[in-house]
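J.: Letter by letter, the chains look like this.
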Amino acid sequence: MKHYINEKEPVLTLHNVVKRFGGVTAADHVSFELYGGEVFGLIGPNGSGKTTLINLITGIYSADEGNIMLGGKKVTKLSTHTRSKLGIIRSFQHPRLLGRCDIETNILVGVDLAVRRRLPQARDYQERMNILLETAGLSGVNLKDSTERLSYGQQKMLEIVRAMLSYPKVLLLDEPAAGLNRSEMNYIRALISMATNEGIAVLLIEHAMDLVMEVCNRITVLNFGKQITTGLPSEVQENTAVIEAYLGGGGQLAANQ
Amino acid sequence: MKNKKKSSIIVLLTALAVFALAPLGMGNYMLRVLNVALITYLCVLSVYVLLGMCGQNSFAQAGLWGVGAYMAANLVLRAGFPPVIALFAATAGTALFAFVLGFAFFRLRQYYFTFASVGLMTILNGLFMNWEPVTGGALGMQNIPKFSVFGIMLESEKANFYFILIICVLTFVVMRILFYSSIGRSFMAIRDNEIAANCMGVNSLLTKSIAFGISGALCGIAGALYAFLSGYLSYQTFTYQQSTMYLIMIMLGGTISPVGAIIGTMIISLLQEFVRPLANYMQLIYGAGIMILMVVQPEGILGGGKALYETLHKRKRTGPDAA
Amino acid sequence: MGQIMQLFVSGLSTGVVYGLIAMGMVLIFRAVGVMNFAQGEFLMFGGYLCYTFNQLLGWNIMISLILASVGMGVVGVLFMRAAYWPLRKAQARAIIVSAMGASMVFKEGSRLIWGSIPVKVDRVLEAPVKLAGGGIIQGQYLAIMIVAAILMLFVYLLLEKTFVGHVMQATAQDQYMASMVGVPVIFSIAMTFALSAMITGIGGGLLAPLFFLNNTMGATAGAKAFAAIVIGGFGSVQGAVLGGLIVGLVEVFGGAYISTTYQLVLIYIVLIIVLMVRPQGIFSSKIQEKA
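Chains as they are written, first to last, in our numbering: chain A, 29 to 285; chain B, 12 to 334; chain C, 488 to 778.
To be clear, the hints were calculated from the coordinates, so they are not data collected in a lab.
For glycine and all other residues, C-beta sits at the position ideal for the given N, C-alpha and C.
There may be inaccurate statements among the hints.
Stated by the list, open to error - Which chain B residues stay away from chain A? Per the calculated CB distances, all over 10 Å, these:
hint, residue
1, Tyr40
2, Tyr122
3, Gly148
4, Met199
5, Ala207
6, Ala208
7, Cys210
8, Asn214
9, Phe285
10, Leu289
11, Ile296
12, Gly300
13, Gly316
14, Thr322
What the hints assert, rightly or not - Derived contacts from chain A toward chain B, CB cut-off under 7 Å, selection only:
hint, residue
15, Thr86
16, Thr108
17, Ser112
18, Lys113
19, Arg118
20, Arg124
21, Leu126
22, Gly127
23, Cys129
24, Thr133
25, Leu141
26, Arg144
27, Arg146
28, Leu147
29, Asp238
30, Met241
To be verified - EDC-like cross-link-like pairs, simulated, lysine to aspartate or glutamate; straight-line CA separation at most 20 Å:
hint, chain 1, residue 1, chain 2, residue 2
31, A, Lys36, A, Glu61
32, C, Lys576, A, Glu176
33, B, Lys317, A, Asp130
34, A, Lys113, B, Glu143
35, A, Lys172, B, Asp203
36, B, Lys317, A, Glu93
37, C, Lys576, B, Glu143
38, B, Lys317, A, Glu176
Put together the whole structure using the sequences plus the hints.
T.: In structure tokens form, the structure reads like this:
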């Protein structure tokens, strides 16, 4: 079980963030804090607003109310590319790779961002790249191949490798395990572990409960855009409101542990 | 892989050899055709950068070509600058023009930019046709001197050929450098997945404007070279139809590489000369040909070649799941 | 005052034809998600078909218009089959280039068939018509407006009130779903292209008496239709009509008060202003674009 790391300053703070689409409130006064080196789980039934939150944090959507802060700095009004240059990096539910470029080019996009961020260690990327590829189970891959030759799981992992090459401060993972088999999930665990060891604040959206319960330090649960509860995995698992949200009343939330 | 760089160099050297030896067998008329083809190649290359690399479709390239041409002509004829300065200034001026316009146009979503480019082309052509003090209006501009540098004037078609060829080779090399650079990757990221690009630090508006600016630079060079080569400019050269020809040329050759630009340009430019008896039907053949090409091989000749290569050398699949 | 009225009427009537072309373009765009770069050629070709029946065969203009529109329906289906259908799964770029190729085929084909000398067609209404307010307008303008209004009503009724129209709209919104519920997608799309070609082609026959037919007119017609669509509201049928009217008026008034040489430029300056200020046009509408 991971240790809960209590840093003094949160890396990412959401404060009363609201997002409406027409009549629907996709995010309803959502607040939480992310600390470096921890994994913060974001779970909830489908349609509860999880991906909307990632879109709000990265700036693809702009918040109607509330604030998002990176360190002490307000990023609520900044554009997506500016936020990524500050270190807010994400992966996507369905991998968004550059389909007409080879694997190496895809990876280099991550390195380019590190260079743009003026990080001193950015230029010597080879070693980091090799470590990441190995951690992701991609070390046998021919870098000059098209990304289409990778399996779905490999493509998802390549996205995380790309993200990690830019030395994120906050890593937002949108259902990284979806579509992966059990052995591929080990690579996800390894990558998440590498991120937390580097002090990165990781936000994990997931449906695979065993993964969530295993790697998360804290979890918040969303339903219809509202936070039902926030706390340790063990607390959340027993929370009746959470169980009802998932199962619509009755039954136990049985985590495969 | 070493192979790709190696084959690039082999292609380049072969093409160079062919081109360098070409004038030996040709009369002035064919050389002029070849010179104009090379200048056209530079404009098609501008489409490569904007569309092939960055995914943005513009119909204004012939207009930018005209901007470069009229700029160079005016600088030499009316302001008395030496051709070398005019060449650089026309290049930089057209690049800046496109770059600044980019900031206005690229706020719009992809399709709208294409429409705006049609608008720009129309406006530019209208200006070329009517703005007498600058472009000579419907009569155009005449008596533009041939290019000269360090006191040497390029009088003959052959001399111009080598000069233009050198410039084309240099731009080709620059394109390769661009492809392997981080700005080049930013172009391709926008082309393939703009949202992912934004999430990885790529500023859409700025990057697209830079692409437009580079395309403007290429058209600017082409325009200046054309002004010096041909000696006179007319609005009838810089038309929307010409812009569509550029698109057809690069689709024919393959948008994936500057080599595609060469192939497409050469085939179409030279085809016209070699099928004189069919001249009346040429446009019809192009039209039907391009329709067939899009069905059979939308990636153009290069795409077809690549597909052929890959079926002949069946590559091993990576990873455990070979789908 | 009389002159302004004249300009207004001529602007409206050319504008309404631009509206027809634009409407044709929007119908195709809504159905397949790509702009038809050969729409202008539909106008030209329809005009030439009308010329064939009316001038070469000597038949009555109304009959010629009807026959031309039937012919254009066939042309529309052939066009769809050759230029769009094989590429329906390809990138938008490939479809656009294919349509450009088709427009070249149309242009050169009509040059080879009918020659390059501009030709004319009979007017529907020869005599000038007296208006209620005491003014006089050319009969053809009135005829154009009436025919165009009828066509637009026809399209509206077809799309909104008939089964075939509903099928066409459903396919336009979601091809996949439509095929799932048993709609013959290719048939529906063919109908859409046929309809688009028909209304645009009639426009060609209506404009021909005023402007002369020649094989290069497709390009400017298409350009004006683009402008109309963007100004009026990208993807919306009412927008296409309104945009067409605006383009017609700008063209005529711009030509009269500023300069005829800069007419197209003026239209495009308006286009660019609209794109900067309100890119979605006057009537905006949510449509799926092909990526």
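J.: State for each hint whether it applies.
T.: Here is how each hint holds up against the structure:
1. With a minimum CB-CB distance of about 40 Å to chain A, B:Tyr40 clears the 10 Å threshold, and the non-interface call stands.
2. Distance check on B:Tyr122: its Cβ is at least 20 Å (rounded) from any Cβ of chain A, clearing the 10 Å threshold; non-interface status holds.
3. Distance to chain A confirms B:Gly148 as a non-interface residue, since its nearest Cβ pair spans about 44 Å, more than 10 Å.
4. In this structure B:Met199 is not separated from chain A by more than 10 Å, as the shortest Cβ-Cβ distance comes to only about 5 Å.
5. The Cβ of B:Ala207 sits about 4 Å from the closest Cβ of chain A, inside the 10 Å cut-off, so the non-interface label is violated.
6. Remark: the non-interface label on B:Ala208 conflicts with the geometry, its nearest Cβ contact in chain A lying 8 Å away (cut-off 10 Å).
7. With a cut of 10 Å on Cβ distances, B:Cys210 falls inside the contact zone with chain A, its closest approach being about 5 Å.
8. In this structure B:Asn214 is not separated from chain A by more than 10 Å, as the shortest Cβ-Cβ distance comes to only about 5 Å.
9. Every CB of chain A is more than 10 Å from the CB of B:Phe285 (nearest about 33 Å), matching its label as outside the interface.
10. Distance to chain A confirms B:Leu289 as a non-interface residue, since its nearest Cβ pair spans about 36 Å, more than 10 Å.
11. No Cβ of chain A approaches the Cβ of B:Ile296 within 10 Å, the least distance being about 30 Å, so the stated non-interface status holds.
12. The Cβ of B:Gly300 lies farther than 10 Å from every Cβ of chain A, with a closest approach of about 25 Å, so its non-interface assignment holds.
13. In this structure B:Gly316 is separated from chain A by more than 10 Å, as the shortest Cβ-Cβ distance comes to about 16 Å.
14. Non-interface call for B:Thr322 relative to chain A: holds, since the shortest CB-CB distance, roughly 15 Å, exceeds 10 Å.
15. Using the Cβ-Cβ criterion of 7 Å, the hint placing A:Thr86 at the interface with chain B is satisfied: the shortest such distance is roughly 6 Å.
16. At its closest, the beta carbon of A:Thr108 sits 4 Å from a beta carbon of chain B; the interface hint therefore holds under the 7 Å criterion.
17. For A:Ser112, the interface hint holds, since its Cβ comes within 7 Å of a Cβ in chain B; the closest pair sits about 5 Å apart.
18. A least Cβ separation of about 5 Å between A:Lys113 and chain B falls short of the 7 Å threshold, and the interface hint therefore holds.
19. For A:Arg118, the interface hint holds, the least distance from its beta-carbon to any beta-carbon of chain B being 6 Å, beneath 7 Å.
20. This hint holds: A:Arg124 has a C-beta 4 Å from the nearest C-beta of chain B, less than the 7 Å allowed.
21. Nearest Cβ of chain B to the Cβ of A:Leu126: about 4 Å, under the 7 Å cut. The hint holds.
22. Among the interface hints, the one on A:Gly127 holds; its C-beta lies about 5 Å from the nearest C-beta in chain B, closer than the 7 Å criterion.
23. Of the supplied interface hints, the one on A:Cys129 holds, with its beta-carbon coming within about 5 Å of a beta-carbon of chain B, less than 7 Å.
24. Interface hint at A:Thr133: satisfied, since its Cβ lies 6 Å from the closest Cβ of chain B, which is below the 7 Å cut-off.
25. This hint holds: A:Leu141 has a C-beta 4 Å from the nearest C-beta of chain B, less than the 7 Å allowed.
26. Given hint, A:Arg144 at the interface with chain B, holds; its Cβ is 5 Å from that chain's nearest Cβ, closer than 7 Å.
27. Annotation: A:Arg146 was flagged as interfacial toward chain B, and the flag is violated, the nearest CB pair being 12 Å apart, outside 7 Å.
28. Taken as an interface hint, A:Leu147 does not check out: its beta carbon lies about 12 Å from the nearest beta carbon of chain B, beyond 7 Å.
29. Restraint check, A:Asp238 versus chain B: the minimum CB separation of about 22 Å is more than 7 Å; hint violated.
30. Proximity of A:Met241 to chain B is violated relative to the hint, the smallest CB-CB distance being about 27 Å (cut-off 7 Å).
31. Restraint check for A:Lys36 and A:Glu61: satisfied, since their Cα atoms lie roughly 11 Å apart, inside the 20 Å limit.
32. Between C:Lys576 and A:Glu176 the alpha-carbon distance is near 18 Å, which keeps this suggested pair within the 20 Å criterion.
33. Our distance criterion of 20 Å between C-alpha atoms is met by B:Lys317 and A:Asp130, whose separation comes to about 14 Å.
34. Taking the CA atoms of A:Lys113 and B:Glu143, the gap is about 49 Å. The hint is violated against a cut of 20 Å.
35. A threshold of 20 Å between alpha carbons decides the hint, and for A:Lys172 with B:Asp203 the separation of about 17 Å falls inside it, so the pair holds.
36. Among the hinted pairs, B:Lys317 with A:Glu93 is inconsistent with the structure: their alpha-carbon atoms are about 52 Å apart, more than 20 Å.
37. For the proposed pair C:Lys576 and B:Glu143, the alpha carbon gap of about 48 Å is over 20 Å, so the pair is violated.
38. Proposed proximity of B:Lys317 and A:Glu176 is supported: the alpha carbons are some 15 Å apart, at most 20 Å.
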